[in-house]
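**Q** Residue-level listing of the chains:
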Amino acid sequence: MSGYRTALGRVRGLGSAKHGVGGFIAQRVSAAALVLLTLWGVYAALNLTRANYATAVIWMHAPLNAILMALLIAVGVFHMRIGLAEVILDYIERPTTKAALLTLNLFVAWLAGAVGVFSVLKVALSSGVY
Amino acid sequence: MSEAPAGQSPPKLAERPMSPYVSVWRWHLTMAVSIMHRVTGVALYGAALILAGWALALAAGPDAYDRFRLIVGSPLGKLALIGITFSLFYHLANGVRHLVWDFGSGFQLKTADLTAAAVVAFAALATLGVWIVAGATGGLA
Numbered sequence: 704m705s706g707y708r709t710a711l712g713r714v715r716g717l718g719s720a721k722h723g724v725g726g727f728i729a730q731r732v733s734a735a736a737l738v739l740l741t742l743w744g745v746y747a748a749l750n751l752t753r754a755n756y757a758t759a760v761i762w763m764h765a766p767l768n769a770i771l772m773a774l775l776i777a778v779g780v781f782h783m784r785i786g787l788a789e790v791i792l793d794y795i796e797r798p799t800t801k802a803a804l805l806t807l808n809l810f811v812a813w814l815a816g817a818v819g820v821f822s823v824l825k826v827a828l829s830s831g832v833y
Numbered sequence: 216m217s218e219a220p221a222g223q224s225p226p227k228l229a230e231r232p233m234s235p236y237v238s239v240w241r242w243h244l245t246m247a248v249s250i251m252h253r254v255t256g257v258a259l260y261g262a263a264l265i266l267a268g269w270a271l272a273l274a275a276g277p278d279a280y281d282r283f284r285l286i287v288g289s290p291l292g293k294l295a296l297i298g299i300t301f302s303l304f305y306h307l308a309n310g311v312r313h314l315v316w317d318f319g320s321g322f323q324l325k326t327a328d329l330t331a332a333a334v335v336a337f338a339a340l341a342t343l344g345v346w347i348v349a350g351a352t353g354g355l356a
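Those sequence lines, one after another, are chains A and B. Mapping of the first sequence onto our numbering: residues 704 to 833, in sequence order. Mapping of the second sequence onto our numbering: residues 216 to 356, in sequence order.
Pulled out of the complex, with its shape left as it was, chain A reads as follows:
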């Protein structure tokens, strides 16, 4: 019977337009991926504590390291964007402030993701130490 109702009808009447749970699920699926990625990240950080520039570049040339580092950054910013949006929605009441902070959160997260992933690829695909 719900098949006869439009999305607008559902929103105006009772219930949602069936999108509200998207962020909830995305947060949990990315969390599952981050359980493994962050544990690897700690291992990687321990390996890199003593590394100078040349050693770090060589480390990043290993495909597995570059792939996992890019994934850690990408999935990390995806997860943190949703998390901080939840915090903003909880504490900020003024609509304009809320919208501005949500937009800023989105921009910062995507910028950090773009900078991080591009940098990893640049180092990983560069030929040798310069």
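Simulated from the structure, these hints should not be mistaken for laboratory data. Among these hints, one or two may not hold up.
No more than 25 Å apart at the CA atoms, straight line, and that leaves these computed lysine to any residue pairs for SDA-like [said to hold, decoys possible]:
1) B:293 - A:756
2) A:801 - B:258
3) B:227 - A:715
4) B:293 - A:743
5) A:825 - A:766
6) A:801 - B:261
7) B:293 - A:749
8) B:293 - A:742
9) A:825 - A:725
10) A:825 - B:243
11) B:293 - A:762
12) A:825 - B:244
13) B:293 - A:715
14) B:293 - B:312
15) A:825 - A:809
16) B:325 - B:244
17) B:293 - A:766
18) A:801 - B:257
19) A:801 - A:746
20) B:293 - A:810
21) B:293 - B:350
22) A:801 - B:251
23) B:325 - B:246
24) B:293 - B:265
25) A:825 - A:715
26) A:825 - B:271
27) A:825 - A:813
28) B:293 - A:754
29) A:825 - B:286
30) B:293 - A:738
31) A:825 - A:781
32) B:325 - B:252
33) A:825 - A:810
34) A:801 - A:781
35) A:825 - A:748
36) A:801 - B:249
37) A:825 - A:755
38) B:325 - B:243
39) B:293 - A:809
Mind docking chain B on chain A? Use the hints.
**A** Chain B in isolation, oriented as in the chain A frame:
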């Protein structure tokens, strides 16, 4: 909003459960652990920006990378790294606790208290372990 017509009592508000306001609730373990999940989550936001900064410094070249190592290796930088290590293990362990909850189990008060304590203990021990390893391999130098 229009006024209710005279002679008609205002609609009764349903008695729904309230959010646990900090000012009206006695502090207890599960509450503190829940609040800390959010605090560590926000701290890890900063950590992600530092991680992106590390990748950027590596891509920018030797000078930028040395500058990054100098800042992160400073006493204040190390203090931040210790905080990040703890936040990571805490948010990780409590995140797994939340995932278990999502499947509908672990809500009994005793279980929730026990897992809350386990999360704090794990985060503290794992942080200590990582920094002992870092010290032993020269990471603290």
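**Q** Given the hinted pair residue 825 of chain A and residue 813 of chain A, is their Cα-Cα distance within 25 Å?
**A** Measuring from Cα to Cα gives roughly 18 Å; hence the hint holds.
**Q** Does the structure keep residue 293 of chain B and residue 762 of chain A at a Cα separation of 25 Å or less?
**A** Holds, at about 22 Å.
**Q** Would the hint linking residue 825 of chain A and residue 244 of chain B be met if the CA-CA limit is 25 Å?
**A** violated (46 Å)
**Q** Within a Cα-Cα threshold of 25 Å, do residue 825 of chain A and residue 243 of chain B meet the stated pairing?
**A** violated (49 Å)
**Q** Would the pair residue 825 of chain A and residue 810 of chain A pass a check requiring their Cα atoms to be no farther apart than 25 Å?
**A** holds (22 Å)
**Q** Holds or violated: residue 293 of chain B with residue 756 of chain A, Cα cutoff 25 Å?
**A** holds (19 Å)
**Q** Just to be careful, I want the Cα atoms of residue 825 of chain A and residue 748 of chain A compared with a cutoff of 25 Å; is the pair within it?
**A** holds (19 Å)
**Q** Sort out whether residue 781 of chain A lies within 25 Å of residue 801 of chain A, counting only the CA atoms.
**A** holds (19 Å)
**Q** Are residue 825 of chain A and residue 715 of chain A close enough, with their CA atoms no more than 25 Å apart?
**A** violated (49 Å)
**Q** What's the verdict on residue 825 of chain A and residue 755 of chain A, does the C-alpha distance respect the 25 Å limit or exceed it?
**A** holds (18 Å)
**Q** Within 25 Å, alpha carbon to alpha carbon, are residue 293 of chain B and residue 715 of chain A?
**A** violated (53 Å)
**Q** For the pair we were handed, residue 825 of chain A and residue 781 of chain A, check the Cα-Cα distance against 25 Å.
**A** holds (21 Å)
Of the numbered hints given earlier, the model fails hints 9, 10, 12, 13, 14, 17, 19, 20, 25, 39; all others are met.
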